[in-house]
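Protein chains: 2
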Amino acid sequence: MSRKVLIVGAVALGPKAACRLKRLDPSAEITIIDKDYLISYGGCGIPYYVGGDVADIEGLYSTASHHVRDCEFFEKCKNVKLLCRTELISIDRKAKKALVRHHDTDQTEEMVYDQLVLATGATPIQPPIPGADLPGVTVIANLHNAIRVKDLIAKGKVDKAVVIGAGAIGVELAEALTDLWGVETTLIEMMDQLLPPAFGKDMSRLIENHMTGKGVKILLSEGVTHILGDEKTGVTGVKTNKSEIPCDLVIMSVGVRPNSQIARDAGLAIGMYGGILVDKRLRTTDPNIYAGGDCIEMTHLVSGQRIPMPLGSLANRQGRIIGTNLNGGWEEFKGTVGTFCLKIFDLGIARAGLTVKQAKDAGFDPVYALVAQSEHAHFYPDQALMYIKLIADRNTRKLLGIEAVGSKGDAVKARVDAVAALFQYNASVSGVSNLEVSYAPPYASAMDVVNAAGNTLENIILGQNIPIDVADMVAAFDQKKVRVLDVRGKIESQSFIEKYGDQWINIPQEELLDRFDELPVDQPLCLLCDTGPRSFETQLFLKSKGITNTRNIQGGYGMLMLSYPEFIPD
Amino acid sequence: MSRKVLIVGAVALGPKAACRLKRLDPSAEITIIDKDYLISYGGCGIPYYVGGDVADIEGLYSTASHHVRDCEFFEKCKNVKLLCRTELISIDRKAKKALVRHHDTDQTEEMVYDQLVLATGATPIQPPIPGADLPGVTVIANLHNAIRVKDLIAKGKVDKAVVIGAGAIGVELAEALTDLWGVETTLIEMMDQLLPPAFGKDMSRLIENHMTGKGVKILLSEGVTHILGDEKTGVTGVKTNKSEIPCDLVIMSVGVRPNSQIARDAGLAIGMYGGILVDKRLRTTDPNIYAGGDCIEMTHLVSGQRIPMPLGSLANRQGRIIGTNLNGGWEEFKGTVGTFCLKIFDLGIARAGLTVKQAKDAGFDPVYALVAQSEHAHFYPDQALMYIKLIADRNTRKLLGIEAVGSKGDAVKARVDAVAALFQYNASVSGVSNLEVSYAPPYASAMDVVNAAGNTLENIILGQNIPIDVADMVAAFDQKKVRVLDVRGKIESQSFIEKYGDQWINIPQEELLDRFDELPVDQPLCLLCDTGPRSFETQLFLKSKGITNTRNIQGGYGMLMLSYPEFIPD
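Residue numbers (the numbering used here), protein chains in the order written: chain A, 4 to 573; chain B, 4 to 573.
Don't read these hints as lab results, they were simulated from the structure.
The beta carbon of each residue, even a glycine, is placed where N, CA and C say it ideally should be.
One or more of the hints may lead you astray.
The following label-pair restraints were derived from C-beta to C-beta distances [claimed, not checked]:
| hint | chain 1 | residue 1 | chain 2 | residue 2 | range |
| --- | --- | --- | --- | --- | --- |
| 1 | B | A387 | A | G237 | 36 to 44 Å |
| 2 | B | A157 | A | D573 | 37 to 45 Å |
| 3 | A | E78 | B | K360 | 44 to 52 Å |
| 4 | A | R518 | B | K84 | 19 to 27 Å |
| 5 | B | A387 | A | M564 | 28 to 36 Å |
| 6 | A | G366 | B | S5 | 39 to 47 Å |
| 7 | A | G549 | B | K84 | 33 to 41 Å |
| 8 | A | Q467 | B | K160 | 49 to 57 Å |
| 9 | B | R104 | A | G216 | 25 to 33 Å |
Below, a list of computed lysine-lysine pairs in the BS3-like style, where the Cα atoms sit at most 25 Å apart [stated by the list, open to error]:
| hint | chain 1 | residue 1 | chain 2 | residue 2 |
| --- | --- | --- | --- | --- |
| 10 | B | K546 | A | K81 |
| 11 | A | K337 | A | K283 |
| 12 | B | K217 | B | K245 |
| 13 | B | K548 | A | K79 |
Pulled from the structure, derived: some chain A residues nowhere near chain B, Cβ distances all over 12 Å [stated by the list, open to error]:
| hint | residue |
| --- | --- |
| 14 | L231 |
| 15 | S246 |
| 16 | Q506 |
With the hints as constraints, model all of the structure from the sequences given.
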């Protein structure tokens, strides 16, 4: 007799596991249930649908060859039974039965399984703010809310929007509203930076300034205390601990929580973040029950900690692994390194591994380099700078994390994905210095920006390069505790000297050999060039001449300009 | 007393090693010599200079901050002595002396060294073709020839050009001449494909058709036997074993040979391809002499074989390693995986590892998958297909190679660089299936094209997917030995049925469940969909119904159209 497999959840992982198993064992009797009727959609496309890049909602639940993935499609093309509007109520593990409710008939049914797959996803956290239930306040968690919001916007009913929470979805939504609909959008975040868990404050500042430049109003270190309005007119504004912002739409995106209650009730082990615990084969503590996607916890391959990582890309890969293992195969999901990328207006950003803060929390002693370099050969036209932050452990030189920002998203992704591939092998900094990335002048430098990041970090760890962050430099400069030695040309430095007087010293690098004894040494000298290499050489040269109280400004003028535009003379 | 370091060669590796050492040990007395006066240039930029993308020759030997890298620059900014037009004649290893000739004075000089670095590069192979010394015949090996050629073109003296040799440089030059100058260009290659060592014939066919479509005339399997013309009028054409092509410029690019004669004469070990042998620290068999770049042989990390790999990117990284080791450090160059990328008109191409042919030659049993998939989420606008060929060993599943082609070069590079990072760790196919590449709809699919390549290859190795190459399918189809079952829609298949009659069968995938018994089974059925996944599912479905004589066409319609446009109905 053929085995009965029941899969709970029909968004990303569920259908993937079903189709994979069906390909391996056409005789398997597979049923997928989902409480919704909109299924098998690309949830990560929601901001693009709201924004209008994806014109038609069907695009999000169609195949690449434009088949709508509905129940009939799964029946006809995949030979998989799919029951919509059917919700899991409880699991009787001993009897291998699942109790489900059919919403259309309000009937319950006991479904027998040989193997069960939990792909129950996650639920957006709804912060307990007064007014959160007013009309015009929503979380974008599924297609229904997305359709509703887009409908409001398209009808011209939204002039001003507030997005609460500046994680990836919040940032994408703020862009979508501003860019394509011209909605006056305010993004509010409790932490003191955008994308708080994923990027360091220095890198997120680049993103913040870019978004601000595109018209998004960003409020950091602010918490929403009330949502204003009434049942009749709907939302009219939000009140924070600092200000009040009028608006007619509020979207909350403050994170998600794994849907694991039924698993917990059934006695399956649950992790400290509320995700279902699984082994490398993605089996729960019951060997007949698999789980994957947003409802589980997985091992972070750099920190070794178990955490939820609600990413559609992981869910899809896990779905295939579960399909293989359901058929008696042995495929492992070893863990995640938290790789992701985003497009934010004209910026592409990507990251993997741990941030400095996450690395400290995990017990490492993180040290980092921040480099700026053209993403392709400097002699090839149309170059633009890419910014890479590379993080490692000071003692072991173990690679911990990478964050990158640049105007060419695919090029940013290329650097991060290549380094991310190294994390699982416990690689060290020199693995990045010598990483063999492909080179041609239109796409890379012979010594590529990613290699430069490795080289710089190595120099910092060895104490050859003594850096200072742009933020620390600006703070110390404002307090007149440091001087800047600008080794660029006279023309580039002129306006700085006019603005900052003798706190700003210009000696072009090629004149230093003759003029280094002009330098005042009563205060630390912060060394500045375009992007960092010449100031590093200057630091070494000055050291050889006995001037050691210097700091090399990480990322140079490029980083300064993008991080603190107000510091730059008009 | 400070050490004396002599570096021979001032293009890529030499200056890099010098600057690195100087940073670590400012007291080192470093002298670089070069027989030329044009030094420290980006040789990989030459095609872009000839083509005009790089307008000014100085761009190729300037820094990112527009300093011309001449002798004075090295003196002032790097504190390194650089002697141009000074050539190495011989090495007296026992006495640690190098005999050099100063071309300007025609004097020789003995230079004492503590450590010597050989960065002597490679010389273009000049095939012994009659007429190769005529005016208008050149190899593009250095800036002098590049300047001469560009000068001829810019003066309008070149209407028709022939490029001999379709390696990377030949292909780039053919593009440069055609694209920017409208020169009628013929590219001649003795082998039966473009880029013969780097890409398989199937992938190079995509490149060939793209170039042909852009106006480059390509002659494969042709060898030039004579270059026609006389001393006075210069070159007038070339004669091959098959045809005669009139032209007024001939550029030869048939490969390079390591410059190792002086090293050989000095008793250093030389490899079977004529490159200097070095250890992982890049020391020759004399521990006081280092070598790197185009003049050495290095270990291929996939095949284990020692080969020359003349790439500027490797030379730069090796230069830094040599600089570190000259100072008593311990940095290793473990080897190469032969990663490189190219831009060819509107195509980006990249590769790493071994081709199928190279893998066979190295003793593997290669098997491969060729997949086509949009480079970003299929619902996001402006998608284009990327083609990836992934190669592994059948028995061990060890990853052997990757080749990729697509319209977005940075996106192509991203996939290849991430997989290339795995080669050094002896990864297997499942390492690509589960590779954690970053995902956002504008930049990737949730199940990315590179993961799909891993999945497909795994299915092929397990015998679940029984593929056929487009080339084999077309050949068998022409001989009426196979039929095509087209599971796309009626509209897409209509013109094929009109052209090919009942050799072309259309049953859309969703109708197969009801109609599979219509299928004739007297001949193999080649299964076609847009890119491959649906035809794979069809193959499994038919197998479950007892129809097993089927082949899944790799890369589907996309691959067929780009490889054999003549096969497609008008």
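Comparing the hints with the structure gives:
Restraint check, A387 of chain B to G237 of chain A: a C-beta distance of roughly 42 Å satisfies the suggested window 36 to 44 Å. In this structure, A157 of chain B and D573 of chain A meet the distance hint of 37 to 45 Å, their C-beta atoms being roughly 42 Å apart. One distance hint, 44 to 52 Å for the beta-carbon pair E78 of chain A and K360 of chain B, holds here, with the actual separation near 45 Å. Between R518 of chain A and K84 of chain B the CB atoms are about 21 Å apart, so this pair conforms to the stated range of 19 to 27 Å.
Remark: the range hint 28 to 36 Å for A387 of chain B to M564 of chain A is upheld by a beta-carbon distance near 34 Å. Distance hint check for G366 of chain A and S5 of chain B: the Cβ-Cβ separation is about 43 Å, which falls inside the suggested range of 39 to 47 Å. At about 23 Å, the CB distance of G549 of chain A to K84 of chain B disagrees with the hint of 33 to 41 Å. Under the hint 49 to 57 Å, the C-beta atoms of Q467 of chain A and K160 of chain B, about 52 Å apart, fit the expected range.
The given range of 25 to 33 Å is broken by R104 of chain B and G216 of chain A, whose C-beta atoms sit roughly 59 Å from each other. Distance hint between K546 of chain B and K81 of chain A is fulfilled; the C-alpha atoms sit about 14 Å from each other, no more than 25 Å. As the CA atoms of K337 of chain A and K283 of chain A are separated by approximately 6 Å, the hinted pair is consistent with the 25 Å bound. Straight-line distance between C-alpha atoms of K217 of chain B and K245 of chain B comes to about 24 Å, which keeps the hinted pair within the 25 Å bound.
Only pairs whose Cα atoms come within 25 Å are accepted, and K548 of chain B paired with K79 of chain A is accepted, the gap being roughly 15 Å. With 12 Å as the threshold on Cβ separation, the claim that L231 of chain A sits away from chain B holds: the shortest Cβ distance comes to roughly 34 Å. The Cβ of S246 of chain A sits about 31 Å from the closest Cβ of chain B, beyond the 12 Å cut-off, so the non-interface label holds. The claim that Q506 of chain A lies off the interface holds: its Cβ sits roughly 23 Å from the closest Cβ of chain B, which is beyond the 12 Å cut-off.
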